[in-house]
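There are 2 protein chains.
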Amino acid sequence: MTIDATPSESLSVLDRLRRLDPPERAAALSRLPPERARELFEQLEAPLQEDVLAFLRDDQVDRLLEDLDPDDRVRLLETLPEIVAKALLARLSPRERRLTHKLLAFPEESAGRIMSPEYLPLRPWLGVDEALALIRQEGHRAGTVHLLPVLDHEDRLVGLVPLDALVLADPEETVGEVMRTQVPSVGPETDQERVAGLIQAEDLLALPVVDDSGRLLGLITVDDAMDVVREEEAEDFARAGASEPLDRPYFSIGLLRLTRARLLWLLLLGLAGALTVNVLSAFESLLEQAISLSLFIPLLIGIGGNSGAQSATTVIRAMAVREIDQAHPIRVIFRETGVGLLLGSAVAAIAYLPVVLLFGPALAATVSLTLVAICTLATLVGSGMPLLARRLGIDPAVVSAPVVTTLVDASGLVVYFSIARALMGL
Amino acid sequence: MTIDATPSESLSVLDRLRRLDPPERAAALSRLPPERARELFEQLEAPLQEDVLAFLRDDQVDRLLEDLDPDDRVRLLETLPEIVAKALLARLSPRERRLTHKLLAFPEESAGRIMSPEYLPLRPWLGVDEALALIRQEGHRAGTVHLLPVLDHEDRLVGLVPLDALVLADPEETVGEVMRTQVPSVGPETDQERVAGLIQAEDLLALPVVDDSGRLLGLITVDDAMDVVREEEAEDFARAGASEPLDRPYFSIGLLRLTRARLLWLLLLGLAGALTVNVLSAFESLLEQAISLSLFIPLLIGIGGNSGAQSATTVIRAMAVREIDQAHPIRVIFRETGVGLLLGSAVAAIAYLPVVLLFGPALAATVSLTLVAICTLATLVGSGMPLLARRLGIDPAVVSAPVVTTLVDASGLVVYFSIARALMGL
Chain P
26 MTIDATPSES
36 LSVLDRLRRL
46 DPPERAAALS
56 RLPPERAREL
66 FEQLEAPLQE
76 DVLAFLRDDQ
86 VDRLLEDLDP
96 DDRVRLLETL
106 PEIVAKALLA
116 RLSPRERRLT
126 HKLLAFPEES
136 AGRIMSPEYL
146 PLRPWLGVDE
156 ALALIRQEGH
166 RAGTVHLLPV
176 LDHEDRLVGL
186 VPLDALVLAD
196 PEETVGEVMR
206 TQVPSVGPET
216 DQERVAGLIQ
226 AEDLLALPVV
236 DDSGRLLGLI
246 TVDDAMDVVR
256 EEEAEDFARA
266 GASEPLDRPY
276 FSIGLLRLTR
286 ARLLWLLLLG
296 LAGALTVNVL
306 SAFESLLEQA
316 ISLSLFIPLL
326 IGIGGNSGAQ
336 SATTVIRAMA
346 VREIDQAHPI
356 RVIFRETGVG
366 LLLGSAVAAI
376 AYLPVVLLFG
386 PALAATVSLT
396 LVAICTLATL
406 VGSGMPLLAR
416 RLGIDPAVVS
426 APVVTTLVDA
436 SGLVVYFSIA
446 RALMGL
Chain V
26 MTIDATPSES
36 LSVLDRLRRL
46 DPPERAAALS
56 RLPPERAREL
66 FEQLEAPLQE
76 DVLAFLRDDQ
86 VDRLLEDLDP
96 DDRVRLLETL
106 PEIVAKALLA
116 RLSPRERRLT
126 HKLLAFPEES
136 AGRIMSPEYL
146 PLRPWLGVDE
156 ALALIRQEGH
166 RAGTVHLLPV
176 LDHEDRLVGL
186 VPLDALVLAD
196 PEETVGEVMR
206 TQVPSVGPET
216 DQERVAGLIQ
226 AEDLLALPVV
236 DDSGRLLGLI
246 TVDDAMDVVR
256 EEEAEDFARA
266 GASEPLDRPY
276 FSIGLLRLTR
286 ARLLWLLLLG
296 LAGALTVNVL
306 SAFESLLEQA
316 ISLSLFIPLL
326 IGIGGNSGAQ
336 SATTVIRAMA
346 VREIDQAHPI
356 RVIFRETGVG
366 LLLGSAVAAI
376 AYLPVVLLFG
386 PALAATVSLT
396 LVAICTLATL
406 VGSGMPLLAR
416 RLGIDPAVVS
426 APVVTTLVDA
436 SGLVVYFSIA
446 RALMGL
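Protein chains in written order, with our numbering: chain P, 26 to 451; chain V, 26 to 451.
Excised from the complex, chain P in its bound form (with noise of 0.2 Å):
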């Protein structure tokens, strides 16, 4: 009965199971006892788990299938080959295809995806050692028992009780003494990440599901909303470094698959890029006349990437968690616009002795003007493209920081050269 658990780190069993190869793990799930094997498998993630199935008996899939949690069985089916997924799906039992079936039935990516559709449900009138009874009884099928709904005559949903305050509760009391009632819950519909927000903000165990009319259909556990929390900060954090996220271990991923993610992006915004080419073209004559404009190229469109890239993330961010609303993006546009000006002419004012020094007035004008520009625009840019993504429906985090530098390097340049031909006479 001693410990396998040391202070140190990288232990559990778990942890070891992911660090080893395809096979290895499929033979040592095979060994552990059926059902410490199902709960280990359940908590890997679905890219690994699908390389365990490939390595295990049609029966030894059948029966693990059987067992999981159908949240948990739609989350690996959703990483299949949708023939392989179906013919999984035909050889489970009819009860558990069911239930399935019902969580495949909402869109993907939505609360009704991740939800637990095994819940067991208490009633207000309930004494709380009736309600202990009932969870002692009945409690294995559901799919957590740490927080219960509270359903009414009509099986809406009215509140919901967490176990340990039942345990801890007066057993003279009802359930309907004891439950929250004012609880927040979400449509079958509404977005995972949403889902994640809300559960991770109000600090719950779990967040039920209920229908138009207020029926339960099932509850959104912590660990299901933590994993989604992972997975939509890798993607966010990935596309804010122009990568598509990685599904599996860095390590685990070949060098031509990892260049593979990478390609399309630095090639998409290559093309971006290469606007540069045609607008330095265009001010060609320009440039030969007056070559120490060349020499500020980079650093111009340096900060003003910089600073478009500064108010990109901000705004993603404040987006991902909620702290913006649909309603005002124009607010935040002048928000961001504002201190792109206010950082502008921060830079400006600091650049303008040494380069009046070395270059002499007229440069040192161009450049510092440029600053103030490069900078507003950028934040125009970068503040604005995530807004605008949001309104067509795409996810603002594919307009990352990248993306808005790219675009400002070109408008950035036509900026400058305008203002040079200005203010230089040329």
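Simulated from the structure, these hints should not be mistaken for lab results.
Don't take each hint at face value.
Looking from chain V toward chain P, a few residues come up when the C-beta cut is under 8 Å (computed) [said to hold, decoys possible]: (1) Leu157; (2) Leu188; (3) Val247; (4) Asp248; (5) Gly266; (6) Pro274; (7) Phe276; (8) Leu280; (9) Val302; (10) Leu312; (11) Leu324; (12) Thr339; (13) Arg360; (14) Val364; (15) Ile375.
Per the computed footprint, the stretches of chain P lying under chain V, defined by three or more beta-carbons under 8 Å from a beta-carbon of chain V, are [to be verified]: (16) 248 to 254; (17) 261 to 275.
Built from N, CA and C at the ideal position, the CB exists for glycine as well.
Got chain P sorted already, so can you dock chain V onto it with the hints?
Using the frame of chain P, we list chain V on its own:
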């Protein structure tokens, strides 16, 4: 007994509290029953809590602070000016003061600071029914009873029992028979980010913190772990966009403060970017001889910057989720540089034809060769910098995409002009 919640969005009391101005937020909390006010206050982010305190009477502040769980109290005290924190600490009851000091003795960002030291210990020889009776009697005082630690005669951790397993178990069984023995645990000095990662990866409701001899010190609950995840992600994300993270909701921050959070980064990156002016000055005569070289400057450093950002983001992310161990930084750099070589070659091959048609073979060869070199260099810098930062004990996220991009700009130009000089015979 109707429910306040509808399937619509942004519904909860907590969400509404977050959106109020500080004086109104304080007033709203004062009007609620104290127990409910404490519950809501506990769930607010620390900077928002701080705002509330300023608008409460001293006795209200003392009451609120006295009722908070020790870990929530520490989280709040950490954000207050030291002199205020000390004054508030002094006014706590001796018991709560002692508990608070115990947590404050651990380093910042460590597991010890976010653990709840008030746990209810079970013993393996207790019957399930005895255990439940004990929980009903003494559970009120514990920080959490969702997961219960099981200790031996010498208070060493030997297992964990989730409350649901206890409720669902056969009353004839003992705690020792129901508990899980293979459980992860951490030392009190473990980094909070590591703790959150472990809780997330293992789907735990709470993680035990033990001392060197395996004695239990406290439990870290999943909601505290989610708060850490949220803060760390916000920080990494802000850094990826060259800003300092904001600690308050976007719209509650004034323009000047938003500007200040970004100006320092912009200036630091601008200073590094000024290097490009030096590099270009050094090659000015080369530029005068072949002005067409200047046309490709933004495109080349843009592509270099993007591939560097891809590497940096991938490596920082893989480190954050512990997929890269301290062990093999060289292996990571080799992989990334290999990807860079492949990417650079692909982009170079695609770029060659249009450039040769428009600008002739010499410039086309220069541009293509530079693309290969610059992508390889960028991935080297992009993967090497965060790894180096970690080795030096700096948060790798600080050496983020914008830093890498800026560094690649100047060195990429040196590469470009060196290749041009060699190939174009200038």
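task = Please write out, lowest number first, the hints stated earlier that are contradicted by the structure.
result = none
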